[in-house]
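Colleague: The chain contents come next:
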Amino acid sequence: MLRFIALRLVKAAVILIAIVTLNFFLIHAAPGDPAAVMAGEAGAADQIFLDQLKEQFGLDKPLLTQLGIYLGGVVQLDLGFSYRQQMPVADLILDRLPATLLLTITAFVISLVFGVLAGVLASARVGKWSDTIISTIALLFYATPLYWAALMAVLLFSVELNWLPGFGYETVGGGYTGFARALDIGEHLILPALTLGLFFMAVYMRMTRASMLEVSTLDFVKTARAKGLKPGIIQWRHIFRNAMLPVLTLAGLQAGQLVGGAVLTETVFAWPGIGRLMFDALAQRDYNVLLGVFFVSAAMVLLFNLITDILYRVVDPRIRAS
Amino acid sequence: MRDFWKRFKRNRGAVAGLAILVLVILIAILAPLLFPQSPWKMVQRPFLPPLTMEALPLGTDALGRNVLSGLAYGAQVSLLIGLVSTVVSLLIGIPIGALAGYFGGIVDDALMRFTEFFQTVPNFALAIVLVAIFEPSVQSIIGAIAIVSWPPVARLVRGEVLSLRSREYVEAAILSGQKNSTIIWRQILPNTLSPIIVLASLMVATAILLESSLSFLGLGDPNLMSWGYMIGAARTVIRQAWWLSFFPGFAILVTVLALNLIGEGLNDALNPRLSRKGK
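The listed protein sequences derive, respectively, from chains S and L.
full-length UniProt numbering applies: residue 1 is where the first sequence begins, and numbers increase by one.
full-length UniProt numbering applies: residue 1 is where the second sequence begins, and numbers increase by one.
Honestly, the hints are just simulated from the structure, not real lab data.
Note that beta-carbon positions come from the ideal geometry of N, C-alpha and C, so glycine has one too.
A hint or two may mislead.
[Claimed, not checked] In silico lysine to aspartate or glutamate, EDC-like type, Cα no more than 16 angstroms apart, as pairs: (1) K11/S / E116/L; (2) K6/L / E264/L; (3) K61/S / D51/S; (4) K9/L / E171/L; (5) K11/S / D309/S; (6) K11/S / D109/L.
[Unchecked claim] Pairwise CB distance ranges (calculated): (7) A13/S / G105/L: 41 to 49 angstroms; (8) L63/S / Q44/L: 54 to 62 angstroms; (9) G177/L / L9/S: 46 to 54 angstroms; (10) D51/S / T236/L: 32 to 40 angstroms; (11) D51/S / F103/L: 44 to 52 angstroms; (12) K230/S / L175/L: 53 to 61 angstroms; (13) D95/S / T236/L: 22 to 30 angstroms; (14) A270/S / G105/L: 30 to 38 angstroms; (15) P190/L / V126/S: 29 to 37 angstroms; (16) G178/S / R239/L: 44 to 52 angstroms; (17) T65/S / I174/L: 44 to 52 angstroms.
[Unchecked claim] Partner residues aside, some chain L positions facing chain S, computed with beta carbon under 7 angstroms: (18) L111; (19) F114; (20) F118; (21) A125; (22) I133; (23) S137; (24) V138; (25) F216; (26) V237; (27) I238; (28) R239; (29) A241; (30) W243; (31) L257; (32) N260.
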């Protein structure tokens, strides 16, 4: 197991280096002077700062040397400086990361739990009206732009019904502390997490349903039925455990997409995470922030993938043995 | 062909999807005839609610522009970008998958690591970075969507080619001394067409969602009226004017839903052996 984790960590490191390299070449492929690109929107930076960047990144040296300098910086967690915000990009991101983690992990858990439950339910009632209803809802969620779902949720639950807050991370000036504060944040979390999770819920539901139906045709299930086991036991203990493997794999891959989706959700809900940071950086063409958020979200994807791989081994003893 | 249609018709959802898509295509094509004025032009007072004026059934936006006209022109953008970016992804993904599957070995390893890399990178974040750095335009948006969308194509084609490569008719072609390129192009690829068509129809749907999300964030082509842009512009005034964000989003939902339904229908019709398995 340790060897496996070590191997995966090395692989993740290689991918991260590749992403940093990609970032580097993007800066150079962009129209205009690389120093100006790093400084943000042309004209925003003064000459002294540009010269300083040229000096720091050796922008008059050969391209490979420059790549070395850039990589060396990232290894020391130096993601550049946001001229616009007058702060190192790494600090900006670290500041916002907890909010994004809270949002994406909540959305992930909600979508996985409800998606899988709905999928199991639909597969148990295949062809019946409850299956039709669940499948139709999944089809609709699957086609809904998530930022639009977010806006409509604000309109309905926040503006019209006034049930839930549709803006921000906590009540401004609420002065809550301790448990009351956690409750307040939780209230603010419901709409963003639900709307971010909708699309993924549909994905997991469809996958679970298809996977359950596929496994249920296998021989060992027939054996279990022939033995006269209760349908509920067959459903959960025999079919479900085996049907979960492809769903988990998919979940690991999709978890990364949640971070991308968070850009949209956080924009709508003014959620103070790295997605909102990216949106604000867009308007100002603050490229260092954009590339930094891109890098961190890729790192999060790798982390999520690693976690699912480990989970995968816990769920499936066959993989653990090999 | 008749067989195909018969099987496609059996899936009622797919037929409904096709009908909706034809309608959206018609609206896109006829937009300049239906609405000769530019969708950017101010026609009435701002924030005119729907159904208050007969000529403007969906009302006007914050700058007094005709929402219905915007929707019609937005259909052009969505369909165009969805279609072209899918074609470009196929042009990247099919050769990579075909080479990897046909030659195997180191070529396969190298190409698949490359593909895996692009699959691991968060799609949407990469698309945002690409469009922002190369400045929003139709070309950069299509390029960015294609770059983040091709890996599934490569993996699919690789798998198909891998299994076809060991068939007798391919071995016969190799023994008869045909060039590798001829074998791939003439013997193998035509047989991978059905799953590619199914995947492509679903990719158009995803591309439309991606394009609208980029436009929503302000990364649309500034010269084109698109659905995502309309929602993005309406975001801050949602409390005053719900219709400005409701209708364009509904248009996206319906179009994407139609394409997904068509994809399922194509799957039933083109892969009859596989299609009923998961149902």
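Colleague: For this structure, which hints from the list above don't hold up?
Modeller: Structure breaks hints 4, 7, 14, 16, 18, 19, 20, 23, 24, 26, 29 and 30.
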